[in-house]
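Protein chains: 2
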Amino acid sequence: MKQFKIVILLFTLYTASVKSQHLEDYKLWLKYGRIESKTVLQSYADLVSQVYFPADNEVLENAKNELSTALPNMLGKPVAFSKNLAESTLIIDRYDQLPNALQKLIKEDVDNLNDEGYVIKTVAYNDKNISLVSAKTNIGILYGTFRLLNLMQMNEDLAGVSLADSPKIDLRMLNHWDNLDRSIERGYAGFSLWNWQKLPEYIDQRYIDYARANASVGINATVLTNVNANALVLTPMYLEKVEALAKVFRGYGIKVYLTARFSAPIEIGNLKTADPLNEEVQKWWSNKAKEIYARIPDFGGFLVKANSEGQPGPQKYGRNHVDGANMMATALKPFGGNVIWRAFVYSEHDDTDRAKQAYDEFLPYDGKFKDNVVVQVKNGAIDFQPREPFHPLFGALKETPIAMEFQITQEYLGFSTHLVFLPKLFIEVLEADTYQKGPGSTVAKVVDGSLYNNAISAMAGVSNIGNDLNWTGHPFAQANWYGFGRLAWNPYLSADEIAEEWLRTTYSNDKNFIEPIKEMMLTSREAVVNYMNPLGLHHIFDTGHHYGPGPWVDNLSRPDWNPIYYHKADENGIGFDRTDTGSNATEQYAPFLEKKFNDPATTPEMFLLWFHHLPWDYKLKSGNSLWDGIALKYQKGVDQVSTMIATWENAKPFLTVHEYEEVKMLLQIQLKEAKWWRNACLLYFQTFSKRPLPKGVEQPNKSLEEYRSLKFPFAPGIRPQWN
Amino acid sequence: MKQFKIVILLFTLYTASVKSQHLEDYKLWLKYGRIESKTVLQSYADLVSQVYFPADNEVLENAKNELSTALPNMLGKPVAFSKNLAESTLIIDRYDQLPNALQKLIKEDVDNLNDEGYVIKTVAYNDKNISLVSAKTNIGILYGTFRLLNLMQMNEDLAGVSLADSPKIDLRMLNHWDNLDRSIERGYAGFSLWNWQKLPEYIDQRYIDYARANASVGINATVLTNVNANALVLTPMYLEKVEALAKVFRGYGIKVYLTARFSAPIEIGNLKTADPLNEEVQKWWSNKAKEIYARIPDFGGFLVKANSEGQPGPQKYGRNHVDGANMMATALKPFGGNVIWRAFVYSEHDDTDRAKQAYDEFLPYDGKFKDNVVVQVKNGAIDFQPREPFHPLFGALKETPIAMEFQITQEYLGFSTHLVFLPKLFIEVLEADTYQKGPGSTVAKVVDGSLYNNAISAMAGVSNIGNDLNWTGHPFAQANWYGFGRLAWNPYLSADEIAEEWLRTTYSNDKNFIEPIKEMMLTSREAVVNYMNPLGLHHIFDTGHHYGPGPWVDNLSRPDWNPIYYHKADENGIGFDRTDTGSNATEQYAPFLEKKFNDPATTPEMFLLWFHHLPWDYKLKSGNSLWDGIALKYQKGVDQVSTMIATWENAKPFLTVHEYEEVKMLLQIQLKEAKWWRNACLLYFQTFSKRPLPKGVEQPNKSLEEYRSLKFPFAPGIRPQWN
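First to last, the protein sequences are chains A and B.
Following my numbering, the numbering of the first sequence begins with 1 at its first residue and continues without gaps.
Following my numbering, the numbering of the second sequence begins with 1 at its first residue and continues without gaps.
Note that these hints are calculated values from the structure, not bench results.
Wrong hints could be hidden among the right ones.
In this list, chains with the same sequence are indistinguishable; a pair is considered to hold if it fits within one copy or across any two.
In silico EDC-like links for lysine to aspartate or glutamate, alpha-carbon gap of 16 Å or less [unchecked claim]:
(1) Lys672 - Glu201
(2) Lys664 - Glu201
(3) Lys128 - Asp46
Please model the entire structure based on the sequences and the hints provided.
Right, dumping it as structure tokens:
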């Protein structure tokens with residue numbers, strides 16, 4: 001009967017293509033489409049004509065299962081698995097299980113792998129060439145299998161392949177800002193995947209497919225809950241549900257972390273205090289850790305946002321971040337768990353430039369944290385803006401493992417309606433040179449731990465995943481999930497490589513499609529910077545939801561929540577003076593950079609107004625005045641979106657009706673909103689500059705008052721009650 | 001290139017079956033699976049060997065498009081459309097377009113149709129038998145096309161078919177309790193389909209598929225927003241988005257309605273009052289209607305919840321429901337719109353039995369509403385309980401069109417985790433005899449307008465649809481959406497027919513599958529009554545979320561929100577005395593029923609404790625004491641769920657892995673929760689009855705205190721802020 005169902009399915013989808021095309025979006029970069037080229041098809045058919053793949057545990061079964069699903073899709077016939085190693089053309093097995101003769105052929109490669117790495121290699125064995133996927137561990141085999149399938153999806157030549165790859169970062173982690181009511185703070189792709197109501201019994205297929213997608217790019221840790229945490233997730237009712245998720249993810253090498261609300265001992269433990277030096281509190285956390293590990297032996301640990309934006313923390317008790325983090329670290333240590341302690345702190349009682357506060361507060365703690373504490377720092381010192389200079393804590397913290405926190409969800413980058421390829425942003429930060437240990441001290445080297453030989457390395461991405469059918473709202477936002485994973489595995493990859501991999505596995509291997517669309521992706525991030533925050537402008541978003549422009553906002557209780565705090569536009573000019581004549585945030589960088597950033601002439605123009613308050617007629621490198629330059633950048637951003645639309649229209653022949661229409665509709669919204677940004681910001685800044693728009697900049701079609709009057713009380717992703 | 005993509009798709013799905021099976025859930029009862037029987041296949045191939053289907057407008061194009069999608073799936077080859085009517089084997093066209101000779105053959109059938117009806121008939125024409133689908137209107141053609149495809153999915157013999165069908169109810173309406181933040185009050189299938197943020201530009205394929213599903217069962221109206229409405233939906237920003245949805249739905253014969261917050265003139269109109277007799281207020285609503293109709297010429301009208309559970313309404317200004325409804329009706333009248341005014345009212349300032357209040361309040365208004373007002377009444381006088389006697393307003397309101405309001409979403413029936421086939425509940429109500437115009441005055445005849453010849457007839461269902469991949473959370477909850485639509489079309493259908501249609505189009509035509517699973521569906525509603533609210537018990541749910549039992553709850557501010565108000569258990573007995581010795585709610589029924597309900601001996605036992613407070617040792621018809629009878633019913637409910645599980649396990653050979661596992665996991669939750677209900681309620685009531693559990697009833701494995709201590713602050717569907 002099951003056989004029969006498959007035949008029915010075959011015909012069901014034969015022509016229902018238009019009405020079902022959008023279901024394909026669900027499959028992400030794991031579509032495993034039929035190989036189009038006959039020669040490639042033949043070479044792959046030869047490669048897998050007999051497959052030896054013993055699978056005696058869950059991780060290996062999942063890897064084998066992936067192969068069993070993917071190969072028939074790509075090749076059009078079932079996989080011939082064999083128990084006879086000697087006769088097989090493809091051998092997938094752990095190194096310690098291979099016959100000596102085979103071990104010898106890859107010993108050198110395997111010796112250079114770390115525990116999660118793999119080898120994919122053509123070797124001569126028993127007088128014929130065979131392909132081998134091997135690794136030291138089960139998870140290495142899973143990663144190797146996904147990589148093999150990835151290469152096949154890209155039609156790579158596998159005859160003579162010799163590839164050895166290991167992740168360069170230990171913890172490759174998604175941070176879900178998901179609340180227990182399934183709303184997602186800064187979520188723009190629907191609501192939380194975690195259906196707490198139906199857990200632990202009901203295992204949604206989505207949990208499995210989420211794990212597959214993560215494993216396919218090497219993500220090995222997930223924080224299920226919002227950093228603005230609710231302590232209830234640490235109660236038995238929820239831990240039972242977390243346990244069920246952890247069980248699914250374990251088979252794909254993914255460890256579960258939870259956010260820990262610092263005041264949990266009071267809220268769910270009936271204690272009167274959460275003072276980290278109080279013995280009862282310490283005992284409570286130790287017992288809680290024990291309780292969690294009894295359910296989830298490979299539990300990852302806690303992610304903590306403490307004394308930040310109103311969250312509880314050790315400072316309430318006169319203690320500091322070290323006291324708080326080390327207390328939790330002590331509780332987790334016996335079980336091998338980590339504390340990820342966020343450095344996103346700034347105080348309403350401190351009128352220091354907000355950009356300086358995290359550095360000022362955390363640098364003195366360097367070297368004082370226990371060895372299972374990682375300090376997690378956002379890529380920039382403000383808050384996930386379209387562009388920021390790298391956070392000065394990178395390279396400055398030398399004795400403390402420091403995790404990079406990127407935001408994959410597009411809080412400040414057009415939500416899920418703007419096509420923005422974020423690896424360009426991530427790589428710009430990773431490639432930045434901190435100069436903290438001389439030239440070449442890049443952020444990437446800090447993050448992968450190589451610069452200071454840190455014991456733990458970590459990269460976290462704030463997830464853009466929700467329960468939208470296509471997971472990420474915008475189909476191209478899938479590329480940001482993919483790209484984050486790839487960079488967490490290897491922070492030295494290029495944006496070009498990542499875009500190409502994603503396009504080939506998601507859409508097509510046709511060069512005539514890939515080249516223009518890749519170009520569109522690679523320019524998309526500069527476009528959004530241009531039409532939102534050019535030349536170093538930042539945080540001029542509307543209040544709360546951060547949807548659309550709000551450079552005029554000046555009424556929020558905390559000065560450093562107001563856009564006017566950040567752009568400081570007045571009749572004389574615009575920009576935040578962070579040099580030695582201003583807030584002196586530049587002093588937090590290495591001397592070489594400090595000097596460079598202190599002088600507008602040597603400051604990269606992309607950071608100009610981040611570091612300097614400059615007159616409207618300041619002369620840019622182009623020869624334009626600052627005012628004209630700002631206006632032209634805004635216009636350029638809009639024009640770039642128009643170009644993206646034209647590029648997409650040209651790609652129509654390579655796309656299904658749905659693929660084409662879906663992105664086209666979204667690009668129309670992006671164009672509308674790019675114009676909104678340009679018009680609103682220019683009209684507002686013009687009230688200070690009192691200069692006309694330069695030639696080539698379109699005249700706004702609405703008044704400043706109209707833009708100022710727009711209200712969006714139900715924009716998605718607004719931060720809900722924190723408790 | 002598009003051709004090529006289809007081929008790829010074909011292979012993609014060939015073997016990816018297990019990993020993609022759950023995507024099939026999305027397709028609802030419109031799967032159009034391949035016809036298995038060779039003889040049926042051949043007869044259908046003959047039937048459609050040449051199809052004449054001119055389509056010169058959007059509705060007809062959608063019908064034709066459905067045929068173009070469905071037939072190739074079912075038959076394995078493309079549809080041969082022809083412009084030559086004379087040579088065609090299947091002719092689909094409006095009656096007024098047919099040649100005279102064909103018109104004559106179906107004139108009598110067509111004469112008996114109403115505007116939305118259709119004919120499907122085999123006729124002899126040009127010396128051969130051909131099949132004809134015809135109707136007076138485009139929408140009739142759409143319905144006829146869906147019905148033809150439905151019959152084919154069920155492998156019905158179509159040689160010699162002669163079928164004429166018209167809907168018996170005018171407004172067949174879904175009520176979405178969807179909020180603008182996409183949360184859904186009482187929603188258990190994810191979040192709102194309406195992605196307001198991306199509207200109007202982005203048209204999600206789901207909107208189209210939602211419309212297709214509705215049209216396929218004849219639903220022709222949808223209220224997009226929650227009855228606890230936010231006035232913002234009536235502002236231009238949202239009306240532009242509503243307009244985009246209305247455009248999609250128009251092509252499927254579905255009119256859009258909105259909920260109107262009575263205080264909107266104050267909140268969005270800057271008026272100081274919402275007094276319905278105030279001229280400015282009247283003018284505001286008239287202008288609002290004009291504004292809406294300029295965008296949506298076929299806008300349906302307003303659904304209003306006024307002076308109910310804290311909602312604003314005319315009483316605030318010393319006016320009544322007639323004043324309020326007629327004021328809005330006047331505004332909508334010039335454009336053909338309706339006001340649907342809900343009668344779900346009860347007051348915290350009135351200590352009359354809550355079950356009596358809507359009748360008391362609305363009966364005096366009978367005949368006073370304008371002719372475009374419909375009063376919408378819940379099926380029972382309390383609130384969508386697993387079982388209630390029909391609402392006494394049915395049959396009592398004689399001069400006023402009265403809409404039936406059913407709840408498809410399972411607020412009090414196990415959320416989307418319990419398999420409960422609701423048409424059994426709906427039909428029990430529809431078949432009930434009100435006796436208001438003598439015997440045979442059934443609720444169905446009231447609702448379809450035939451009893452009192454009302455000008456408008458309407459049935460509304462509170463939607464169970466959300467953005468879960470399978471739309472309704474539980475795959476069997478799709479049957480409740482389907483069944484509601486079928487009953488709104490024809491309130492005299494049997495539950496058996498509806499279950500069979502749904503099973504055949506959703507799962508399989510195999511009798512060995514259908515018979516046991518249909519039986520499971522048909523008993524499922526009695527099971528939930530047994531394990532939650534047997535023998536007329538009602539509203540003993542936990543507070544707010546209504547998840548699980550809370551018979552002990554006695555601390556809510558309004559007496560009539562507390563379960564103890566409803567069961568009135570004490571040492572003497574249990575039940576609500578609504579006879580002439582009690583609240584005398586029985587007097588609201590026709591004399592025959594009043595008499596019947598006043599005497600426990602003649603009251604159907606399913607309503608026993610609804611109408612009577614009886615001693616624990618009251619003797620039931622079975623000979624058992626009331627206490628034993630209650631306990632045995634709870635046990636029976638649990639046993640029925642166990643039987644459902646066994647039935648489902650036996651059906652495994654007919655199901656895909658996913659289809660089987662998904663329902664099995666959900667049934668496990670249902671069994672767990674059925675036991676929870678049984679244990680918690682019996683332990684609690686036992687504190688009054690002070691009697692042992694009878695033989696055959698399982699002993700609870702937890703204490704009453706444990707059950708009482710359970711808290712679910714994040715249970716789904718909790719009513720959010722009302723503003």
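Hint check:
1. Taking the shortest alpha-carbon separations for Lys672 and Glu201, only the inter-copy value of 10 Å comes in at or below 16 Å, while the best intra-copy value is 45 Å.
2. For a Cα distance limit of 16 Å, the shortest separation of Lys664 from Glu201 across copies, 10 Å, qualifies, whereas the shortest one inside one copy, 40 Å, does not.
3. Taking the closest pair of Cα atoms, Lys128 and Asp46 come within 16 Å of each other only inside a single copy of the chain (12 Å); across copies the shortest separation is 56 Å, beyond that limit.
In terms of the numbered hints stated before, the structure departs from none.
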